[in-house]
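Kindly generate the complete structure, drawing on both the sequences and the hints.
Here the protein sequences come in this chain order: A and B. Note that the first sequence covers residues 1 to 261 in the numbering used here. Note that the second sequence covers residues 1001 to 1245 in the numbering used here.
Simulated from the structure, these hints should not be mistaken for lab results. There could be a bad hint or two in this list.
What the hints assert, rightly or not - Lysine-lysine pairs mimicking BS3-like chemistry, simulated, CA-CA at most 30 Å apart: (1) K1093(B) with K69(A); (2) K1226(B) with K150(A); (3) K150(A) with K1018(B); (4) K256(A) with K1093(B); (5) K1178(B) with K1109(B); (6) K1018(B) with K256(A); (7) K146(A) with K4(A); (8) K1101(B) with K150(A); (9) K69(A) with K1178(B); (10) K1226(B) with K157(A); (11) K251(A) with K1006(B); (12) K1178(B) with K157(A); (13) K1018(B) with K157(A); (14) K256(A) with K4(A); (15) K146(A) with K1093(B); (16) K1090(B) with K146(A); (17) K256(A) with K1178(B); (18) K1093(B) with K247(A); (19) K1109(B) with K157(A); (20) K256(A) with K1184(B); (21) K1109(B) with K146(A); (22) K1101(B) with K251(A); (23) K256(A) with K1127(B); (24) K1090(B) with K4(A); (25) K157(A) with K1101(B); (26) K1006(B) with K1090(B); (27) K184(A) with K1184(B); (28) K251(A) with K1093(B).
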Amino acid sequence: MANKSQATFYHKALFVLILLILWETVARMKFFNPLVFPSVTSIIEAFVKGVSSGLLVEKTAYSLYLIMKGLLFSLLAAVLLSSLAMMSRVAENIIDVLNSILHPLPGIALLPVAILWFGIGEGSIIFIIIHSVLWPMVVNFMTGFKTMPKIYLDVGKNIGLRGFSLLWGVMLPASLPYLLSGTKIAWARAWRAVIAAEMVFGAASGTAGGLGWHIYMTRYLFDISGTFAALLAIIIVGILVEELLFKNIEKFTIIKWGMTI
Amino acid sequence: MLRVDKLSKTFNVNGFEKDVLKDISFIVEDGEFICILGPSGSGKTTLLRCIGGFESLSDGNMQVNDQSISGPGIDRMMVFQGFEQLFGWKTVKANVEYPLKINGIAKNKRQELVLRYLSMVGLEDYKTYYPHQLSGGMKQRTAIARALALEPRILLMDEPFGNLDAQTRNSLQIELLKIWSALKTTILFVTHDIEEAIILSDRILMISGSGEVKNNIPNQLERPRKPSGEGFADLWDLLYSHLSD
Chain A
1 MANKSQATFY HKALFVLILL ILWETVARMK FFNPLVFPSV TSIIEAFVKG VSSGLLVEKT
61 AYSLYLIMKG LLFSLLAAVL LSSLAMMSRV AENIIDVLNS ILHPLPGIAL LPVAILWFGI
121 GEGSIIFIII HSVLWPMVVN FMTGFKTMPK IYLDVGKNIG LRGFSLLWGV MLPASLPYLL
181 SGTKIAWARA WRAVIAAEMV FGAASGTAGG LGWHIYMTRY LFDISGTFAA LLAIIIVGIL
241 VEELLFKNIE KFTIIKWGMT I
Chain B
1001 MLRVDKLSKT FNVNGFEKDV LKDISFIVED GEFICILGPS GSGKTTLLRC IGGFESLSDG
1061 NMQVNDQSIS GPGIDRMMVF QGFEQLFGWK TVKANVEYPL KINGIAKNKR QELVLRYLSM
1121 VGLEDYKTYY PHQLSGGMKQ RTAIARALAL EPRILLMDEP FGNLDAQTRN SLQIELLKIW
1181 SALKTTILFV THDIEEAIIL SDRILMISGS GEVKNNIPNQ LERPRKPSGE GFADLWDLLY
1241 SHLSD
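See the structure below:
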């Protein structure tokens, strides 16, 4: 087992290393203008500078704060909506219609409306995040509830669970693989939403702005290494969350319980 | 005492009304072991699910000790055929303990009950296992322990050994009889296997293919019963002839 996961790590690391070497080679051969295609070394330099000056950390932290706020709210709302849909046919139909209308609408297309309603600032960004995240979560959660073995509900009712206790005691754990995959999709979608929204607003709200604004500004100032350093920050956060958070949650739940391979 | 009175159940199948159970009446005394025997599709499982409170009745009524049945309850615990009836996210111990916990049984008492019933089904060494680490027979044993720990008035068993190999099925039948003679819980056991019905029951309730009670046959063969024992073959022939016409 240890050997297998070690091998997996080496495969992945080797692949990334080759990519980096290719990138560096192309950059050093100056096929492209170094201003628009910076070398790996200059990106890393910009990254280290950004981290040590605290700027990159601050921007990342602000974007993450917005994401967490949006995600937490959406998680609760998605559990509520999808369990309502399981309990009542009317609720299911309403949620189905809402989903058909709202799911295909790109969050960024709603930004002008969001600005009108919530003003320029945190409120609008959170609104966009929630909109981008909620519907894929609801779809996944409902699939989870609907595909879990029906026998769990019978057993749950037999031992005396009803309503909320049935949701908490049986439906949520039984559909955890779907809850997790829905949350993973939501996490990725939240990043897209926050970066896009910040690029449009920037720091106009009086806040320092997050990574989206930072990416926009570094490009504006032609600090392309800085732009890539910000992208690197997103990638690193993504890898950390996947490897440390999601993989561990899976290891101690659905893998331990034999719900997935 | 369980009293089933003129029970009928109609399902809507692809737009057509289908009578699954018609005018079923019978009485089960406390402590009896009843096998419900019938061809596949005869509504045996539906009958058991009605008694369990999982299905609404189209007509008729059912009472346990003069109390009408309205929905599932811990006085009637069901053991299903499928192996996935155990909660996969709980260990064997937690699967048995959880129903006790949500029914407000104190921790000390819970531990005692869990241990008693897990040892009764021979799984005291598997407390920390998760269901996916158990064999099919062990899963059914755990499900039986979980149902018994709530000390139900009636144990409803829906072909619980149907997915097991012959050897495991035999040993579980013997264990079930041991448990039953120790606890004297009323058991309603659905099966389509004539031999199983003879080995286990005090009485065999035969359901016809059209969903009616066809026969209510007392089974007074001396226990333990073996296919080679006296009267076994005759009873088998009788049941077989009823099943096939």
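Hints, verified against the model:
1. K1093(B) with K69(A): Violated, at roughly 38 Å.
2. K1226(B) with K150(A): violated, 37 Å
3. K150(A) with K1018(B): With Cα atoms ~22 Å apart, K150(A) and K1018(B) stay inside 30 Å; holds.
4. K256(A) with K1093(B): With a Cα-Cα distance of about 16 Å, the restraint between K256(A) and K1093(B) holds, given a limit of 30 Å.
5. K1178(B) with K1109(B): Between K1178(B) and K1109(B) the Cα gap is close to 23 Å, so the pair holds against 30 Å.
6. K1018(B) with K256(A): The given pair, whose Cα atoms are some 44 Å apart, is violated under the 30 Å limit.
7. K146(A) with K4(A): Between K146(A) and K4(A) the Cα gap is close to 35 Å, so the pair fails against 30 Å, i.e. violated.
8. K1101(B) with K150(A): holds, 22 Å
9. K69(A) with K1178(B): violated, 58 Å
10. K1226(B) with K157(A): Between K1226(B) and K157(A) the Cα gap is close to 38 Å, so the pair fails against 30 Å, i.e. violated.
11. K251(A) with K1006(B): Status violated; Cα separation ~52 Å.
12. K1178(B) with K157(A): holds, 28 Å
13. K1018(B) with K157(A): Satisfied, since the Cα-Cα distance of roughly 26 Å is no more than 30 Å.
14. K256(A) with K4(A): holds, 18 Å
15. K146(A) with K1093(B): holds, 27 Å
16. K1090(B) with K146(A): Satisfied, since the Cα-Cα distance of roughly 21 Å is no more than 30 Å.
17. K256(A) with K1178(B): It is violated: about 34 Å lies between the C-alpha atoms, which goes past 30 Å.
18. K1093(B) with K247(A): holds, 26 Å
19. K1109(B) with K157(A): Status holds; Cα separation ~23 Å.
20. K256(A) with K1184(B): violated, 38 Å
21. K1109(B) with K146(A): Status violated; Cα separation ~36 Å.
22. K1101(B) with K251(A): With Cα atoms ~27 Å apart, K1101(B) and K251(A) stay inside 30 Å; holds.
23. K256(A) with K1127(B): Between K256(A) and K1127(B) the Cα gap is close to 15 Å, so the pair holds against 30 Å.
24. K1090(B) with K4(A): Status holds; Cα separation ~28 Å.
25. K157(A) with K1101(B): holds, 14 Å
26. K1006(B) with K1090(B): Violated, because 40 Å separates the two Cα atoms, which is more than 30 Å.
27. K184(A) with K1184(B): Distance ~51 Å between K184(A) and K1184(B) Cα, so the pair is violated.
28. K251(A) with K1093(B): holds, 21 Å
This entry does not satisfy hints 1, 2, 6, 7, 9, 10, 11, 17, 20, 21, 26 and 27, going by the numbered hints stated previously.
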